[in-house]
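Number of protein chains: 4
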Amino acid sequence: MKQFTAKSFNIPALKGISAKTIEEHLKLYQGYVKNSNGIMEMYGKYNADPVANSYVLGELGRRFSFEYNGMRNHEVYFSALEGGPLPLKDSSPFKKLIAEDWKSFDEWLNGFKIMAATTRGIGWAVLWYDRKEKRLLASWVDEQHLGQLQDCAMILGVDMWEHSYVADYQPSGKKQYVEDYIANLNWEIIEENFKKASA
Amino acid sequence: MKQFTAKSFNIPALKGISAKTIEEHLKLYQGYVKNSNGIMEMYGKYNADPVANSYVLGELGRRFSFEYNGMRNHEVYFSALEGGPLPLKDSSPFKKLIAEDWKSFDEWLNGFKIMAATTRGIGWAVLWYDRKEKRLLASWVDEQHLGQLQDCAMILGVDMWEHSYVADYQPSGKKQYVEDYIANLNWEIIEENFKKASA
Amino acid sequence: MKQFTAKSFNIPALKGISAKTIEEHLKLYQGYVKNSNGIMEMYGKYNADPVANSYVLGELGRRFSFEYNGMRNHEVYFSALEGGPLPLKDSSPFKKLIAEDWKSFDEWLNGFKIMAATTRGIGWAVLWYDRKEKRLLASWVDEQHLGQLQDCAMILGVDMWEHSYVADYQPSGKKQYVEDYIANLNWEIIEENFKKASA
Amino acid sequence: MKQFTAKSFNIPALKGISAKTIEEHLKLYQGYVKNSNGIMEMYGKYNADPVANSYVLGELGRRFSFEYNGMRNHEVYFSALEGGPLPLKDSSPFKKLIAEDWKSFDEWLNGFKIMAATTRGIGWAVLWYDRKEKRLLASWVDEQHLGQLQDCAMILGVDMWEHSYVADYQPSGKKQYVEDYIANLNWEIIEENFKKASA
Numbered sequence: 053m054k055q056f057t058a059k060s061f062n063i064p065a066l067k068g069i070s071a072k073t074i075e076e077h078l079k080l081y082q083g084y085v086k087n088s089n090g091i092m093e094m095y096g097k098y099n100a101d102p103v104a105n106s107y108v109l110g111e112l113g114r115r116f117s118f119e120y121n122g123m124r125n126h127e128v129y130f131s132a133l134e135g136g137p138l139p140l141k142d143s144s145p146f147k148k149l150i151a152e153d154w155k156s157f158d159e160w161l162n163g164f165k166i167m168a169a170t171t172r173g174i175g176w177a178v179l180w181y182d183r184k185e186k187r188l189l190a191s192w193v194d195e196q197h198l199g200q201l202q203d204c205a206m207i208l209g210v211d212m213w214e215h216s217y218v219a220d221y222q223p224s225g226k227k228q229y230v231e232d233y234i235a236n237l238n239w240e241i242i243e244e245n246f247k248k249a250s251a
Numbered sequence: 053m054k055q056f057t058a059k060s061f062n063i064p065a066l067k068g069i070s071a072k073t074i075e076e077h078l079k080l081y082q083g084y085v086k087n088s089n090g091i092m093e094m095y096g097k098y099n100a101d102p103v104a105n106s107y108v109l110g111e112l113g114r115r116f117s118f119e120y121n122g123m124r125n126h127e128v129y130f131s132a133l134e135g136g137p138l139p140l141k142d143s144s145p146f147k148k149l150i151a152e153d154w155k156s157f158d159e160w161l162n163g164f165k166i167m168a169a170t171t172r173g174i175g176w177a178v179l180w181y182d183r184k185e186k187r188l189l190a191s192w193v194d195e196q197h198l199g200q201l202q203d204c205a206m207i208l209g210v211d212m213w214e215h216s217y218v219a220d221y222q223p224s225g226k227k228q229y230v231e232d233y234i235a236n237l238n239w240e241i242i243e244e245n246f247k248k249a250s251a
Numbered sequence: 053m054k055q056f057t058a059k060s061f062n063i064p065a066l067k068g069i070s071a072k073t074i075e076e077h078l079k080l081y082q083g084y085v086k087n088s089n090g091i092m093e094m095y096g097k098y099n100a101d102p103v104a105n106s107y108v109l110g111e112l113g114r115r116f117s118f119e120y121n122g123m124r125n126h127e128v129y130f131s132a133l134e135g136g137p138l139p140l141k142d143s144s145p146f147k148k149l150i151a152e153d154w155k156s157f158d159e160w161l162n163g164f165k166i167m168a169a170t171t172r173g174i175g176w177a178v179l180w181y182d183r184k185e186k187r188l189l190a191s192w193v194d195e196q197h198l199g200q201l202q203d204c205a206m207i208l209g210v211d212m213w214e215h216s217y218v219a220d221y222q223p224s225g226k227k228q229y230v231e232d233y234i235a236n237l238n239w240e241i242i243e244e245n246f247k248k249a250s251a
Numbered sequence: 053m054k055q056f057t058a059k060s061f062n063i064p065a066l067k068g069i070s071a072k073t074i075e076e077h078l079k080l081y082q083g084y085v086k087n088s089n090g091i092m093e094m095y096g097k098y099n100a101d102p103v104a105n106s107y108v109l110g111e112l113g114r115r116f117s118f119e120y121n122g123m124r125n126h127e128v129y130f131s132a133l134e135g136g137p138l139p140l141k142d143s144s145p146f147k148k149l150i151a152e153d154w155k156s157f158d159e160w161l162n163g164f165k166i167m168a169a170t171t172r173g174i175g176w177a178v179l180w181y182d183r184k185e186k187r188l189l190a191s192w193v194d195e196q197h198l199g200q201l202q203d204c205a206m207i208l209g210v211d212m213w214e215h216s217y218v219a220d221y222q223p224s225g226k227k228q229y230v231e232d233y234i235a236n237l238n239w240e241i242i243e244e245n246f247k248k249a250s251a
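Chains as they are written, first to last, in the numbering used here: chain F, 53 to 251; chain H, 53 to 251; chain L, 53 to 251; chain Z, 53 to 251.
These are calculated hints, taken from the structure and not from any lab test.
Hints are not guaranteed to be accurate.
Each pair may be met inside one copy or between any two copies, as identical chains are not told apart.
To be verified - Restricting the straight-line Cα-Cα distance to at most 30 Å, the calculated cross-link-like pairs of lysine-lysine (BS3-like) are:
| # | residue 1 | residue 2 |
| --- | --- | --- |
| 1 | K72 | K165 |
| 2 | K86 | K147 |
| 3 | K186 | K79 |
| 4 | K72 | K155 |
| 5 | K155 | K54 |
Predicted, not measured: the structure shown is a model, and the values here were computed from it.
Extracted from the complex, chain F is given alone in its bound form:
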């Protein structure tokens, strides 16, 4: 059976977010990869008798999206920190497209940070590239799998699960965590995400 494989990320010292938090967070990511493979394996096993095991197969088929998206979300999250903070060039087509849809890059970023910091519950604040419409979209994903947009590429994702920030910031430091994660971004990688999706 084909396997999903956990990636490695070369993450420098970060503003606000401790090395210990990143270390623990990476273990959680590896858990999603492991469990994506685990469901595939269990699925194969129970599928030997698909009628007798239909209830359990149904639940595994329903839950796979939690593990799979937990894997993919984190790959976007961690890779955007690689190489240390780098700004988005004014000449970037990605920056221009943001400005087209939201008046200006700064206005968009301000609204995006408010969404990340104030949407109730845990989940992800996400900037998407919609391949079909060739446009950007922003929306919220609950948990890992509730609210992914079909066939859209996640260009930027801010993890608002509490394991991302509670050890460093306490729950009441949520807003500062959002500021710091954004400050730590390598926008050249985010632009690369956009380029690949829009090619």
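Given the structure of chain F, go ahead and fit chains H, L and Z onto it with the hints provided.
Quick look at chains H, L and Z alone, frame taken from chain F:
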């Protein structure tokens, strides 16, 4: 503001599924398109004061995925019926990839139909193409937006919401509806979905 | 193992809702009872080795609420139709409490019908009695189990799953179905639900 | 309008769980109370024109359960810590009922701790009293509102959201947190929850 636009589908007379059901079902699809635009518009309006309206903005940002995916899911569902039933050629790379992952096309199709007919609740039985792994995946989507796989293309989606079949089959005819939807498929379009995603 | 048992309901001929729809709907109810017992049984079986089976046990423990609430919701839905339509007496403490919280019974009923007919997606429009606060609350439940209010009694529940109305009304007849279900209610039974919960 | 009111809890020094975590956790609880009132208030405001505002009203009616259950879950969680750890008497009818349904109290507790520590994602491990069947049930609640059992009383609830333990234990200390929360319980209060619900 950029608008999403409802597509038209050229759907022939179908086995089992009445023209009336398709007519009503298309109205529901158009509702998803309308409400995707509606949320974008409301979002713009409330965003004039993002701090005072943060709660409502958060809920709209959470709910957008329901309308958006309701639109996309149905586009895959209806387009696969266009042109009338056509088989998948044995020489098709898509058919070969299915056989690689699930022993044979028939074994896969049998398991897929069981998933569609027996998974509890309403939603979608989906065959995906995972762009990152260059592989096919099958899983269940609850409602429209709970369980979409990130950046995966929906190659085939069987709508298991009750509006798809209850007027023609009654709830107890669920299994026959799955058989008939599959029998009505134009596999050349499904193969085209695969080609576009894997290009 | 203790078993859940499907109840019988003595439902007269109804306005708008056909006997066939009730017959099929009761089969779905019986499916929830059967699957509530089924999960308990599977849970017992996999629990023989709770560590090795922890993933499947976790999913069964998560999904139980779907089956259980599917059972309970329908018991409130069907029992409110028993004995045929009877109005709520003006002297009823239940009617007075509604008027306290929502200005008047008619204003509440109007808003409740709008919630039932216009909330997007499938689920339940519910009037609850909150035992702790000794007050009534109205809210929406998605599917069967997403949004139940803890330790609150369901006094009235309008099933907005499509099996409730699509065969008789088509999807576009949703609003008329809500009117008809309300017109079919025996309010003495609903008042009885309130009395039991508030005793 | 009637208001929900945040309760105070008299929580002693705990094993493993720091005073800082409890302090921050109580602020989150107060946020649920505040937002339960906030939704009621917004609902009243938008209800001045229920047709024009039907989309937003629908979303508020859907989301209320998140805030409401966030409030109720935490009231069960914190109150069970009041007065410091006290065991469950062997003569207790509650203990006997557990033993009836799960062979022995210890076997039940062991399985319950495994469910709390291994169920994927965030949420609550819950022991319920089912008023209708006069029996105990154990199940999982996702987030705050996904999986509550209708009209069942929460007798015991272990908060598995990460704000409960990540600052003190790191994500990898999840299992120890479950052990410690259980060790901190005042079972006389839990028994009292059972008595009230079963009276």
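Each hint tested on the structure:
| no. | hint | verdict |
| --- | --- | --- |
| 1 | K72 <-> K165 | both (24 Å within a copy, 27 Å between copies) |
| 2 | K86 <-> K147 | between (36 Å within a copy, 28 Å between copies) |
| 3 | K186 <-> K79 | between (35 Å within a copy, 25 Å between copies) |
| 4 | K72 <-> K155 | neither (38 Å within a copy, 42 Å between copies) |
| 5 | K155 <-> K54 | between (45 Å within a copy, 13 Å between copies) |
The structure fails to meet hint 4 from the earlier list, while all remaining hints are met.
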